[in-house]
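K.L.:
Each chain, written out:
2 protein chains.
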Amino acid sequence: MTEFISAVDTFDVRFPTSRHRDGSDAMNPFPDYSAAYLVLRTTAGAAGHGLVFTVGRGTEVQVAAVRALAALVVGEPVEELVADPGALARRLVGDSQIRWLGPEKGVVHMAAGGIVNAVWDLAARRAGKPLWKLLADLTPEQLVAQVDFRYLRDALTEDEALTLLNAGVPGRAERERLLRAEGYPAYTTTPGWLGYDDEKLVRLCREAVDDGYDLIKLKVGGNLTDDVRRLELARQAVGPRVRLAVDANQIWGVPEAIGWMEQLRGFDPYWIEEPTSPDDVLGHAVVRRALAPIRVATGEHVHNAVMFKQLLQAGAVDVVQIDACRVGGVNENLAILLLAAKYGVPVCPHAGGVGLCELVQHLAMFDFVAVSGTLDDRAIEYVDHLHEHFVDPVRIQRGRYLAPTAPGMSGELIAESLAAYRFPDGPQWSAAAGGAVAAATAVG
Amino acid sequence: MTEFISAVDTFDVRFPTSRHRDGSDAMNPFPDYSAAYLVLRTTAGAAGHGLVFTVGRGTEVQVAAVRALAALVVGEPVEELVADPGALARRLVGDSQIRWLGPEKGVVHMAAGGIVNAVWDLAARRAGKPLWKLLADLTPEQLVAQVDFRYLRDALTEDEALTLLNAGVPGRAERERLLRAEGYPAYTTTPGWLGYDDEKLVRLCREAVDDGYDLIKLKVGGNLTDDVRRLELARQAVGPRVRLAVDANQIWGVPEAIGWMEQLRGFDPYWIEEPTSPDDVLGHAVVRRALAPIRVATGEHVHNAVMFKQLLQAGAVDVVQIDACRVGGVNENLAILLLAAKYGVPVCPHAGGVGLCELVQHLAMFDFVAVSGTLDDRAIEYVDHLHEHFVDPVRIQRGRYLAPTAPGMSGELIAESLAAYRFPDGPQWSAAAGGAVAAATAVG
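Chains as they are written, first to last, in our numbering: chain A, 4 to 447; chain D, 4 to 447.
Hints in this document: simulated from the structure, not taken from any laboratory.
Pair by pair, the computed Cβ-Cβ distance ranges are:
(1) 228(A) - 161(D): 24 to 30 Å
(2) 94(A) - 235(D): 32 to 38 Å
(3) 6(D) - 380(A): 55 to 61 Å
(4) 145(D) - 258(A): 23 to 29 Å
(5) 380(A) - 174(D): 52 to 58 Å
(6) 24(D) - 148(A): 30 to 36 Å
(7) 215(D) - 12(A): 53 to 59 Å
SDA-like cross-link-like pairs, simulated, lysine to any residue; straight-line CA separation at most 20 Å:
(8) 345(A) - 148(A)
(9) 345(D) - 258(A)
(10) 132(A) - 181(A)
(11) 345(A) - 258(D)
(12) 345(A) - 376(A)
(13) 132(A) - 149(A)
For every residue, glycine included, the Cβ atom is placed at its ideal position computed from N, Cα and C.
With these hints in hand, go ahead and build the complete structure from the sequences.
P.N.:
The following block contains the structure:
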């Protein structure tokens with residue numbers, strides 16, 4: 004009997020992370036890591052899991068967007084869907100009425116990405132493979148067919164993508180062996196949240212070095228005097244060889260970014276992340292030229308492949324930070340990986356939040372095996388929050404992500420966590436924690 | 004007694020325009036012109052009206068976004084709000100949790116714009132002035148204080164904006180007199196929808212010329228043979244002196260845009276609108292260089308001032324098409340008008356849909372009186388649909404918008420229309436028109 008998608012279940016899940024200022028930065032002083040979580044159900048009783056990461060208020064808008072697009076996948080035959088998620092991705096992004104609300108940006112685009120990722124999760128489960136392996140086993144032709152090149156051909160054609168992927172085929176097996184044996188490099192943001200005091204910063208920096216990390220990221224941009232003191236303390240704590248990246252989370256305009264970073268240059272920052280608006284391609288190019296050799300990194304808020312294309316065309320970034328949930332899912336991230344490979348710019352995925360590490364590790368590992376073919380200057384962000392809520396949490400060893408082995412994309416929440424943190428009716432938000440509800444729903 | 008905002012009422016309103024393919028283009032074959040409509044209520048019984056234009060499915064997501072931001076305005080003192088809508092605009096755009104869903108793009112940004120516009124509507128009503136006049140009576144200092152320059156200073160500083168506005172002060176009174184006497188130029192898109200047959204195209208083109216229009220816009224990009232035939236017919240119908248602009252609604256990639264338009268060059272197109280993705284600043288610059296002297300126009304989907312800034316910095320556009328509902332409201336459009344004036348690029352607002360003509364005329368007229376100070380190469384789009392649903396509809400005479408005189412921003416819907424077209428429970432969508440509901444909710 005043919006198997007169909009029978010339903011898309013959606014959930015508003017929020018974790019009260021703002022209580023300890025985990026995740027606090029210059030633009031996000033009190034985030035409650037959250038997700039619009041979704042489960043594709045099939046008539047055969049199978050499921051594909053996806054999520055769109057959010058930071059608290061407004062998650063209900065993201066859930067509404069997932070529901071608006073769910074109508075395009077319910078009733079579809081599963082076999083066809085998993086054989087060509089790219090066809091669904093095009094339909095979700097191209098819906099001629101919903102498209103107006105983006106286009107290809109914001110909540111409707113992230114909703115499309117959540118559904119597309121859930122289809123890939125389902126595909127990988129059916130294949131009995133972790134997603135990175137499912138992708139790495141596709142032929143170059145199959146991979147190219149999964150990408151929408153409509154707005155990309157002035158930077159990357161189908162033929163160029165094919166040539167690039169074909170060049171990597173001979174080394175795939177050896178890189179897969181290496182990946183399984185040694186994992187993929189990680190860097191950590193755990194020590195660097197803006198809301199942590201100096202003692203906690205120093206202690207966590209030392210722990211990170213002891214844990215094997217050689218790249219640590221600190222939030223900056225709140226106050227210059229604080230930034231100087233914190234970077235001094237961190238540099239003392241980690242020594243000269245461990246790299247320190249900094250992240251301004253879009254707090255500055257272009258001239259301000261350059262001026263502020265000139266004051267931090269002495270601490271040898273490895274990269275400056277999100278120096279200004281993620282939309283400002285030309286601004287990033289100006290900042291990069293002014294601050295070299297400090298690298299410029301961005302991507303967690305870069306809303307689609309057209310923007311990444313321009314960041315690369317304009318020579319505006321040294322580090323491409325893909326995010327598993329910001330763009331239209333695995334397919335658009337595949338396009339971005341191909342663009343980055345063509346321009347020779349390393350990809351260091353954004354992660355953290357809730358579920359972002361679990362999801363994005365698959366894309367980075369696939370990139371290593373089948374696209375860029377290298378680990379040089381690459382690392383996946385790691386933050387040690389909220390992994391306990393996942394059925395297949397990331398495994399970190401000596402500063403490296405170990406390759407997932409369970410089938411799927413690793414984004415499935417534990418049922419008990421889903422029940423406990425549902426907003427606003429889960430016990431973590433209702434009577435038992437009334438104060439927290441007030442904090443999460445209060446504005447400002 | 005101090006007056007406060009007591010509530011934000013929200014409505015999902017949809018008009019079944021797809022039944023006659025009004026509004027049909029290469030990317031939007033069957034739009035149902037719709038709006039997330041909102042009314043700010045005050046404790047004194049006053050009201051400010053705003054709307055976010057949409058095209059059917061997904062309007063409920065836009066409504067959810069307005070509701071998510073409504074909490075930031077309910078309970079605010081009206082006197083302070085109307086004295087400084089810019090402060091509210093910053094808070095709405097900057098909410099540290101909701102911001103994640105954009106930032107500054109998509110449904111959350113349009114929701115902010117809808118609320119900000121409603122506050123300006125309220126401010127203008129209280130002042131007893133049409134919005135264009137309220138704005139044109141503000142001093143240069145007051146106007147500059149209404150703009151968020153955070154991400155714009157590399158292109159336009161507060162001082163530059165002040166200088167620019169001050170230069171226009173001596174001519175304000177004379178331009179206001181001219182505006183009241185002669186109105187503001189319009190161009191028409193009424194004849195050009197892709198779903199209209201040749202006979203209707205020719206008839207409407209002739210009527211447009213008879214009505215006094217000297218600029219008519221046609222949709223293109225569906226099929227090249229059709230485009231050639233339609234442009235030939237239109238050119239014959241209007242003669243050599245009436246300008247014909249064409250609009251591809253983002254259907255092409257960069258090389259395709261150039262190739263296709265080369266085939267239409269012989270019909271002397273005045274501008275090519277939305278040749279490719281609205282996000283592709285660098286792509287528009289390439290298209291513009293290749294197609295000159297054909298002008299390049301875009302803006303109805305350009306999601307914020309940072310993107311307009313770059314379009315101007317990169318020399319990517321000849322025509323800036325602001326939209327009253329796409330960005331964060333009057334304040335962000337003020338920033339865009341200032342940027343366009345600094346770069347000397349004419350503004351020809353996008354309109355049509357439902358309510359867009361009513362709203363955006365105020366911005367264009369204010370621009371003439373107090374910012375650019377000129378009507379050269381400028382015209383507001385006009386489409387003759389759905390104006391009958393507004394309390395203060397636009398008035399067009401001999402191809403010109405007459406200056407509104409009623410207090411406010413002209414976006415208030417007639418109560419009967421609001422009741423009739425509410426989705427899905429209004430009589431136009433419920434039992435009496437069951438087939439139309441199916442059409443609007445079906446996907447694809």
